[in-house]
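2 protein chains.
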Amino acid sequence: MFLIRPATIDDVPLLRCMIRELAEFEGELESCVIEEADLRRDGFGENLQFRALVAECDQQPAGYALYFDCYSTWVGAEIFLEDLYVRPQFRSRGIGMGLLAEVARIALRENRRALRWEVLDWNKNAIELYEALGAVFCDQWRPVLLYGEPLRQLAQKTL
Amino acid sequence: MFLIRPATIDDVPLLRCMIRELAEFEGELESCVIEEADLRRDGFGENLQFRALVAECDQQPAGYALYFDCYSTWVGAEIFLEDLYVRPQFRSRGIGMGLLAEVARIALRENRRALRWEVLDWNKNAIELYEALGAVFCDQWRPVLLYGEPLRQLAQKTL
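Just so you know, the protein sequences line up as chains E and B, in that order. In this text, residue positions in the first sequence follow my numbering: the first is 1, and each later residue adds one. In this text, residue positions in the second sequence follow my numbering: the first is 1001, and each later residue adds one.
Source of the hints: derived by calculation from the structure; they are not laboratory data. If a hint is listed, it holds; no wrong ones were tucked in.
Sample of chain E residues facing chain B (criterion: CB under 8 Å; computed from the structure):
#1 A23
#2 S31
#3 L115
#4 E118
#5 Q140
Beta carbons: idealized from backbone N, C-alpha and C, even for Gly.
Starting from the given sequences, assemble the full structure and let the hints guide the process.
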């Protein structure tokens, strides 16, 4: 049995720990530089940048979902699911599905039209779960990221 | 010459018009069901879901950028650029670059670490521009969307 609850500020060390476990699973641990102070300020301060849920199994932390509000100019308000993670020893018990379902309930309660997220193309287990749910894979769309020196250079361009 | 300014509530009819032009360019006009009332409430009401910039060229509306705050659990606060559009008759004058540069300046001013967006894989002109800027194409990541009946069914799943 497991339960799912909103994360609180006391969960910040746990959240950062699981965020780093997920980054390691994705092979990108060196890209993960977030600190507890960032999560505390951005998730539980005055200017909220995200919300999170924690899953517990036998009173042990088993996984999390982290999401924020996003917006489609076709349909309006949506939710972007940034992270969905279940610790290896707690997998295959429906915890990932439970976290997703809770995010779906929050979306509908807030009149948000869709959940958006991204999945790594080699994560077969996750892809199978999302396919079974009836999710749409938007493979015509390529995710793009601009950061660091190229972002600073772009900001310096004048009209 | 052109100028770029924040969108105001008086721009809502123009924004919806250009949003629909972009949806048509993307071959998805039938998916675009947003109404002016939605944009007015979500972009200029009490619970802001997005921000937008308008480009003007010779005092005519030439394009727009629409974006919202997003969050990376690796680096913290970022900006998600939902739409970037320049009307056909105003292209090749640097207006798209001007809109992007203004969003980049806003990101840096707010200590946001990156711009995120998505590009259609057949939009060669856009892809060339983004490559020239030093953007990173995250092609291992597949965008996923869940909406409509599958979203409602997911929300009904219990633990």
